[in-house]
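The task is simple: from the sequences and hints, build the whole structure.
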Amino acid sequence: MNGVYRILEHPADLGIEAEGETLAEAFASAARGLMSVVVDPESVTVREERKVSVPGADPEQLLVRWLGEILFLYDGAGFVPAEFSVEQVGGGGLEATVGGEPAGGAELRLKIDVKAVTYHDISVRETSRGWYVRVYLDV
Amino acid sequence: MQLERIDEFRCLLPRSSLKGMRIDGLVYAGEKLAQQIGNDRTLEQVANVATLPGLLGHSLAMPDAHQGYGFCIGGVAASDPERGIVSAGGVGFDINCGVRLLASAVPAAEIATSIPAILDGLFAAVPCGTGTKGPLRLDGGGIDAVMEGGAEWAVGAGYGEEGDLPRIEESGKIDSADPGMVSDRARERGRSQLGTLGSGNHFLEIQVVSEVYDEATASAFGLAKGSTAFLIHSGSRGLGHQVCTDYLDSMQQGMARHAITVADRQLACVPVRSAEGRAYLGAMGAAANFAFANRQMITHLVRRVFKKTLGADDAPDIVYDVCHNIAKFEQHETGGVRREVLVHRKGATRAFPPGHPALPPAVRGAGQPVLIPGSMGTCSYVLVGTDRAMAETFGSSCHGAGRAMSRTRARKEITPEKLLSEMSRRGIHVRGQTRSGLTEEQPDAYKDVNAVVETVHGAGIARKVAKLLPLAVMKG
Numbered sequence: 001m002n003g004v005y006r007i008l009e010h011p012a013d014l015g016i017e018a019e020g021e022t023l024a025e026a027f028a029s030a031a032r033g034l035m036s037v038v039v040d041p042e043s044v045t046v047r048e049e050r051k052v053s054v055p056g057a058d059p060e061q062l063l064v065r066w067l068g069e070i071l072f073l074y075d076g077a078g079f080v081p082a083e084f085s086v087e088q089v090g091g092g093g094l095e096a097t098v099g100g101e102p103a104g105g106a107e108l109r110l111k112i113d114v115k116a117v118t119y120h121d122i123s124v125r126e127t128s129r130g131w132y133v134r135v136y137l138d139v
Numbered sequence: 001m002q003l004e005r006i007d008e009f010r011c012l013l014p015r016s017s018l019k020g021m022r023i024d025g026l027v028y029a030g031e032k033l034a035q036q037i038g039n040d041r042t043l044e045q046v047a048n049v050a051t052l053p054g055l056l057g058h059s060l061a062m063p064d065a066h067q068g069y070g071f072c073i074g075g076v077a078a079s080d081p082e083r084g085i086v087s088a089g090g091v092g093f094d095i096n097c098g099v100r101l102l103a104s105a106v107p108a109a110e111i112a113t114s115i116p117a118i119l120d121g122l123f124a125a126v127p128c129g130t131g132t133k134g135p136l137r138l139d140g141g142g143i144d145a146v147m148e149g150g151a152e153w154a155v156g157a158g159y160g161e162e163g164d165l166p167r168i169e170e171s172g173k174i175d176s177a178d179p180g181m182v183s184d185r186a187r188e189r190g191r192s193q194l195g196t197l198g199s200g201n202h203f204l205e206i207q208v209v210s211e212v213y214d215e216a217t218a219s220a221f222g223l224a225k226g227s228t229a230f231l232i233h234s235g236s237r238g239l240g241h242q243v244c245t246d247y248l249d250s251m252q253q254g255m256a257r258h259a260i261t262v263a264d265r266q267l268a269c270v271p272v273r274s275a276e277g278r279a280y281l282g283a284m285g286a287a288a289n290f291a292f293a294n295r296q297m298i299t300h301l302v303r304r305v306f307k308k309t310l311g312a313d314d315a316p317d318i319v320y321d322v323c324h325n326i327a328k329f330e331q332h333e334t335g336g337v338r339r340e341v342l343v344h345r346k347g348a349t350r351a352f353p354p355g356h357p358a359l360p361p362a363v364r365g366a367g368q369p370v371l372i373p374g375s376m377g378t379c380s381y382v383l384v385g386t387d388r389a390m391a392e393t394f395g396s397s398c399h400g401a402g403r404a405m406s407r408t409r410a411r412k413e414i415t416p417e418k419l420l421s422e423m424s425r426r427g428i429h430v431r432g433q434t435r436s437g438l439t440e441e442q443p444d445a446y447k448d449v450n451a452v453v454e455t456v457h458g459a460g461i462a463r464k465v466a467k468l469l470p471l472a473v474m475k476g
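Line order of the protein sequences matches chains Z and Y. Our numbering applies: residue 1 is where the first sequence begins, and numbers increase by one. Our numbering applies: residue 1 is where the second sequence begins, and numbers increase by one.
Simulated from the structure, these hints should not be mistaken for laboratory data. Note that this is a predicted model, so its numbers are computed, not measured. Here a beta-carbon is modelled for each residue, glycine too, at the ideal position from N, C-alpha and C. Everything hinted at is true.
Some chain Z residues flagged as far from chain Y (calculated, every beta-carbon gap over 12 Å):
(1) 45
(2) 48
(3) 50
(4) 87
(5) 93
(6) 130
(7) 132
Restraint-style ranges between C-beta atoms, simulated for each label pair:
(8) Z:123 with Y:109: 53 to 63 Å
(9) Z:57 with Y:140: 30 to 40 Å
(10) Z:9 with Y:139: 32 to 42 Å
(11) Y:32 with Z:21: 39 to 49 Å
(12) Y:313 with Z:107: 36 to 46 Å
(13) Z:95 with Y:120: 45 to 55 Å
(14) Z:9 with Y:417: 15 to 25 Å
(15) Y:4 with Z:58: 37 to 47 Å
If you want it as structure tokens, here you go:
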């Protein structure tokens with residue numbers, strides 16, 4: 001199955017919960033959820049790919065660093081990511097390929113800034129259906 | 001968690017509320033606000049903060065407090081520099097997010113027909129929303145000069161006047177800032193964002209001074225009934241967000257070395273005097289200076305639009321500029337002893353009283369202006385700091401209305417068309433970068449700013465000086 005995500009409520013900000021058959025799929029879905037807050041995904045054309053590699057001591061740290069990397073690509077490196085393929089996650093790191101387009105495209109329908117990814121109420125767990133992750137964002 | 005009411009404006013959250021609390025919590029709220037604060041996890045967060053090592057006084061929550069991440073928004077926590085901690089989460093992601101009020105002697109009534117044109121001019125001149133770039137790109141070491149100099153850098157670069165600086169908290173420059181402690185990633189996020197408003201709850205409003213409660217103080221602040229004002233709410237943009245992200249990460253690793261455990265990873269902290277603590281405070285100061293420079297550049301753009309639209313010679317002056325998210329070393333009396341403490345303000349405003357030596361001569365006699373923005377379409381207040389704030393809250397007060405409704409719910413409760421028609425009915429012009437961004441910030445998403453201000457006024461931790469009503473709102 002394709003991973004799914006859902007936007008969660010928070011008194012001031014918002015969260016993302018995502019599921020996947022595998023942990024990698026759940027992480028990829030969470031990244032899609034994150035970028036759906038920033039930009040209408042339908043308005044992004046995949047023109048380039050970027051390799052992403054992050055170390056992390058535990059699944060929660062890996063999730064925050066992975067999404068932080070996506071956020072940096074958008075806010076610091078002028079790249080708007082829209083497609084996420086997590087090739088490996090666990091064992092102290094994550095490897096992924098991210099597809100998107102350079103910032104500034106006239107077709108992009110931008111929404112709001114995400115300031116950061118937080119550890120508030122973070123969750124990474126295995127379920128009967130696969131994997132579930134939850135993370136909150138500061139907007 | 002149960003609050004124990006002390007008086008009409010104060011409640012105690014006793015240390016018995018949660019295992020591990022080292023100090024009591026103190027919440028400034030009347031019955032209704034206390035009920036609202038109890039609707040989310042604010043009290044749990046006030047209690048969690050009280051478990052951190054080396055805090056002094058109380059774990060404080062202002063009447064606009066609401067659930068945040070780790071620390072609540074509207075929280076104040078003061079740390080003993082010798083045995084206490086510094087926490088990146090205790091300042092928050094938007095380091096030195098704050099507000100700046102500008103006032104013009106020109107009566108708003110005289111320029112009523114020009115307000116839409118000024119708003120259009122501001123919307124064209126001040127970049128807002130996500131993905132926008134400011135008027136400069138700070139290549140190479142240019143960004144370090146901003147992080148070192150803050151508003152002083154901006155004035156030196158032609159964005160303002162020397163006389164602006166004393167009207168800014170810390171004169172617009174935190175001297176202990178150390179750009180060397182800021183990551184390249186944070187620099188990259190900030191390079192193009194100086195002079196941009198941002199999105200979310202950031203805004204730029206044109207206002208009119210509608211009521212003056214204290215003529216002498218208002219006059220010292222440069223405010224008169226009927227005059228036109230501009231309120232700018234913005235922070236350190238991606239640069240500050242990345243500094244907090246970086247140090248939350250490194251503090252988590254540092255905690256193990258210093259044998260500190262916390263109830264929530266977002267509370268990550270290290271001893272103030274540790275290498276990690278000093279590094280964070282240096283980086284935080286650098287990000288705070290970036291925010292001061294950012295609001296200074298926006299001020300310059302506002303003045304330019306004002307002059308161009310009205311053909312006026314006089315541009316609005318700065319009333320004051322306050323930080324809402326910051327940690328600072330200050331002198332306070334605790335347990336009968338005057339000492340240096342590290343005050344974390346996360347969604348709280350410094351509120352120093354008349355005569356405080358840290359205030360510039362221009363406002364020292366009157367006291368520090370405390371700027372309280374309300375929600376879109378309601379009203380804002382100017383207050384002044386008090387001795388009582390020094391005695392009870394480490395010289396702190398509230399910072400705004402405080403959210404009462406999630407963004408998702410706010411969006412569902414009103415359509416952009418209905419919101420704009422409601423604003424128009426009230427005579428308020430609105431420009432927003434996105435329709436959803438506007439509805440997420442609708443007035444009902446916030447607590448009643450009047451109730452918040454009456455609480456701090458009644459409790460005596462700030463005193464009302466003037467009320468301002470919005471004429472036009474620009475949202476990112």
